[in-house]
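Visitor: So the chains spell out like this:
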Amino acid sequence: MEFYLPIAEMSINPIGFLVLGIIVGTLSGTFGVGGGFLMTPLLIFLGIPPAIAVASEANHIVGSSLSGTIGHLRRKAVDIRMGNVLLAGGILGSFLGIYIFNSLKQVGLVDLLITASYFLFLTAIGFFMLYESLDSLGYFGHKKRSKYYHHSWIMGLPLKIRFRRSGLYISLIPPYIIGFVVGIFSSIMGVGGGFIIIPAMIYILRMPTNVVVGTSLYQIIFITSFVTILHASTNKSVDIILALILLLGGAIGAQIGVRLSGKLNGAWLRIALSILVLAVGLIMASELIIKPDNVIKIISGSNL
Amino acid sequence: MIKKLLIPLFSIFILMGQMPPNIIIDENEKDIRIKPNIAGTEVVLYGAMPSGKKDIIIEVVGPARNISLEEKRRVYGFWLGLGRAEYFQVPSYYNIMSSRKLSEIADQSVFDKLRLGVINLPLGNAKISNTKTNQNIFNKNLKKYMLDKGQFKIGENKIAVKSGPGKVGIFSAEFLLPSNSYQGKYFVRYFIFQNGEFISYAENKIDLKQAGFSRAIWLTAINFPLLYGILAVILSGSLGWLISTIFRRLKIS
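So the protein lines, in turn, are chains A and B. Start counting the first sequence at 1; every next residue gets the next number (the working numbering). Start counting the second sequence at 1; every next residue gets the next number (the working numbering).
The hints are simulated quantities; they were obtained by calculation from the structure and are not laboratory data. Certain hints may be false.
The calculated lysine-lysine pairs, modelled on DSS-like cross-linking and capped at a C-alpha distance of 30 Å, are [as the list claims (entries may be wrong)]:
| no. | chain 1 | residue 1 | chain 2 | residue 2 |
| --- | --- | --- | --- | --- |
| 1 | B | Lys101 | A | Lys263 |
| 2 | B | Lys101 | B | Lys113 |
| 3 | A | Lys291 | B | Lys209 |
| 4 | A | Lys297 | B | Lys53 |
| 5 | B | Lys140 | A | Lys297 |
| 6 | B | Lys185 | A | Lys291 |
| 7 | B | Lys72 | A | Lys297 |
| 8 | A | Lys76 | B | Lys205 |
| 9 | B | Lys153 | B | Lys140 |
| 10 | B | Lys101 | B | Lys205 |
| 11 | B | Lys205 | A | Lys291 |
| 12 | A | Lys291 | B | Lys101 |
| 13 | B | Lys72 | B | Lys113 |
| 14 | B | Lys127 | B | Lys53 |
| 15 | B | Lys113 | A | Lys236 |
| 16 | B | Lys72 | A | Lys236 |
| 17 | B | Lys53 | A | Lys236 |
| 18 | B | Lys167 | A | Lys291 |
| 19 | B | Lys153 | A | Lys297 |
| 20 | B | Lys140 | A | Lys291 |
| 21 | B | Lys127 | B | Lys162 |
| 22 | A | Lys160 | B | Lys205 |
| 23 | B | Lys101 | A | Lys236 |
| 24 | A | Lys291 | B | Lys149 |
| 25 | B | Lys140 | A | Lys160 |
| 26 | B | Lys162 | B | Lys72 |
| 27 | B | Lys149 | A | Lys297 |
| 28 | B | Lys143 | A | Lys291 |
| 29 | B | Lys53 | B | Lys72 |
| 30 | B | Lys144 | A | Lys297 |
In silico negatives: residues of chain A with every beta carbon more than 10 Å from chain B [unchecked claim]:
| no. | residue |
| --- | --- |
| 31 | Tyr4 |
| 32 | Pro6 |
| 33 | Pro41 |
| 34 | Asn59 |
| 35 | Val62 |
| 36 | Gly63 |
| 37 | Tyr169 |
| 38 | Leu264 |
| 39 | Leu276 |
| 40 | Leu278 |
C-beta: ideal position from N, C-alpha, C; glycine also.
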């Protein structure tokens with residue numbers, strides 16, 4: 001059986017892409033990451049042109065994160081107020097990100113920017129999360145940390161409001177800035193930004209881990225909707241058929257993931273995510289260091 | 001499922017049993033519409049040619065497309081894709097078919113004069129930036145890629161020639177235009193050779209068009225990009241919502 005993708009202009013086997021959607025969707029529902037940072041490189045590897053992979057993946061994440069958010073809402077695991085503050089910063093950040101992207105595109109440095117961003121974020125976050133979660137399990141012989149964190153001066157800035165679901169009474173400014181910074185990088189890297197925002201919510205905002213995943217998914221719905229419309233109207237690179245096939249698999253996977261995340265231990269969940277994040281980061285880095293088979297390759301041109 | 005298309009050439013001559021003085025081709029352009037979800041369209045080119053110890057070569061050149069190549073360079077220990085070659089006039093499809101091995105039909109110098117074959121296929125001027133590598137090297141790599149991916153094809157012995165009535169030979173050549181083929185005009189060129197020398201030439205066109213649902217999606221994306229983007233978000237969101245609802249209903253607890 002073959003399916004024709006009208007924008008990517010190629011025929012694919014829908015079963016393979018459905019399975020791919022289920023696998024990435026399960027990860028996405030479990031960890032609250034949109035899955036874009038895994039799916040986009042995989043799609044490119046499978047021969048989808050990079051620009052179309054990035055844009056269609058954003059479209060796919062709209063549906064999969066919506067499906068995941070509904071599951072988390074039902075378990076009252078979404079801090080909508082926090083999500084809205086992050087989102088407000090995120091939208092502004094993605095505008096700036098797209099501006100940076102387009103200026104570097106003209107200088108021909110955009111690929112380096114993307115790879116470097118992936119590598120820096122993935123390895124830094126991966127190592128930090130791995131260390132932190134192993135530490136919290138007592139592997140480094142430190143005392144188990146107090147449940148009550150010392151709130152730094154940042155949280156005490158003006159414009160304090162109450163985030164009931166998260167049990168926090170902190171300033172609006174830190175989550176807004178986090179949303180903004182994540183917005184910049186998520187638009188450059190063509191991802192929802194879950195893998196950046198989740199560690200930020202846990203380690204900077206000190207949000208309880210049970211609401212982190214749902215809140216992240218909630219704001220990803222809107223960020224990726226915005227990115228999809230932007231890509232469709234400027235680059236005409238959203239392949240809706242590809243997105244819907246991935247979504248069909250992805251939404252099923254996300255449901256499995258939501259149930260899994262409720263059952264798994266928080267620290268082990270973070271260890272698993274950190275290893276995954278590190279692996280993707282190292283694979284991307286290895287491409288920078290290992291001599292390629294052929295120094296010349298095709299980078300754009302659909303149906304190849 | 002493969003749709004077969006027959007493209008007859010100057011069949012009148014066959015009926016009259018006369019030897020065509022030259023190759024004469026059907027002036028009608030044929031529209032080929034590709035429907036989604038099929039492996040492709042099988043095209044059969046057939047017609048008559050003078051019989052005797054003659055060879056035929058058919059060349060099919062698809063519509064032009066853009067392709068960008070990247071050249072990696074080592075900078076401070078990192079392999080960075082800094083060099084660029086942007087092409088704007090690369091044939092999206094190329095197929096050269098012949099009744100015998102090309103090397104048996106004529107010398108390479110003859111093909112070079114006729115600009116025949118993959119080696120002589122023009123790729124247009126590339127915009128090269130940030131590298132000192134010249135275009136010939138990029139061209140060589142690009143042609144190799146296209147051959148590897150099956151976008152360019154060499155089909156030696158792919159044309160069957162049978163003797164027809166009178167002093168007429170009937171040739172037929174079959175090839176597959178995959179369903180991811182570009183839309184537009186495919187130029188077909190016919191070359192007749194005898195004793196290693198080129199004796200006559202003809203050409204015609206095939207107009208390839210995608211049809212159906214995929215085509216409608218493509219048109220919407222190109223002509224109404226904002227509407228398309230909004231629709232894509234709505235569709236993706238609704239499907240996500242639908243699936244989560246189905247899951248909730250299924251999970252009776």
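Visitor: Would you check the hint for Lys140 (chain B) and Lys160 (chain A), treating anything up to 30 Å between C-alpha atoms as holding?
Guide: violated, 64 Å
Visitor: Would you mind confirming whether the straight-line C-alpha gap from Lys76 (chain A) to Lys205 (chain B) stays at or under 30 Å?
Guide: violated, 64 Å
Visitor: Any Cβ of chain B at or closer than 10 Å to Leu276 (chain A), or is the non-interface label fine?
Guide: Leu276 (chain A) clear of chain B: closest Cβ-Cβ about 23 Å, beyond 10 Å.
Visitor: Mind checking the alpha carbons of Lys53 (chain B) and Lys236 (chain A) for me, to see if they're no more than 30 Å apart?
Guide: Violated - the C-alpha atoms of Lys236 (chain A) and Lys53 (chain B) are around 53 Å apart, more than 30 Å.
Visitor: Could you grab the alpha-carbon distance between Lys101 (chain B) and Lys236 (chain A) and see if it respects the 30 Å cut-off?
Guide: With Cα atoms ~44 Å apart, Lys101 (chain B) and Lys236 (chain A) exceed 30 Å; violated.
Visitor: Checking a non-interface call: every C-beta of chain B should be farther than 10 Å from the C-beta of Tyr169 (chain A). Is that right?
Guide: Label holds. Min Cβ-Cβ 32 Å, cutoff 10 Å.
Visitor: Holds or violated: are the alpha carbons of Lys53 (chain B) and Lys72 (chain B) at most 30 Å from each other?
Guide: violated, 50 Å
Visitor: Do the alpha carbons of Lys291 (chain A) and Lys149 (chain B) lie within 30 Å of each other, as the hint requires?
Guide: holds, 23 Å
Visitor: For the pair we were handed, Lys153 (chain B) and Lys297 (chain A), check the Cα-Cα distance against 30 Å.
Guide: Holds, at roughly 20 Å.
Visitor: For Lys127 (chain B) and Lys53 (chain B), compute the direct alpha-carbon distance and say whether it is at most 30 Å.
Guide: Distance of about 45 Å is beyond 30 Å: violated.
Visitor: Could you grab the alpha-carbon distance between Lys160 (chain A) and Lys205 (chain B) and see if it respects the 30 Å cut-off?
Guide: The given pair, whose Cα atoms are some 71 Å apart, is violated under the 30 Å limit.
Visitor: Within a Cα-Cα threshold of 30 Å, do Lys291 (chain A) and Lys101 (chain B) meet the stated pairing?
Guide: violated, 38 Å
Of the numbered hints given earlier, the model fails hints 1, 3, 4, 6, 8, 11, 12, 13, 14, 15, 17, 18, 21, 22, 23, 25, 26, 29, 31, 32, 34, 35 and 36; all others are met.
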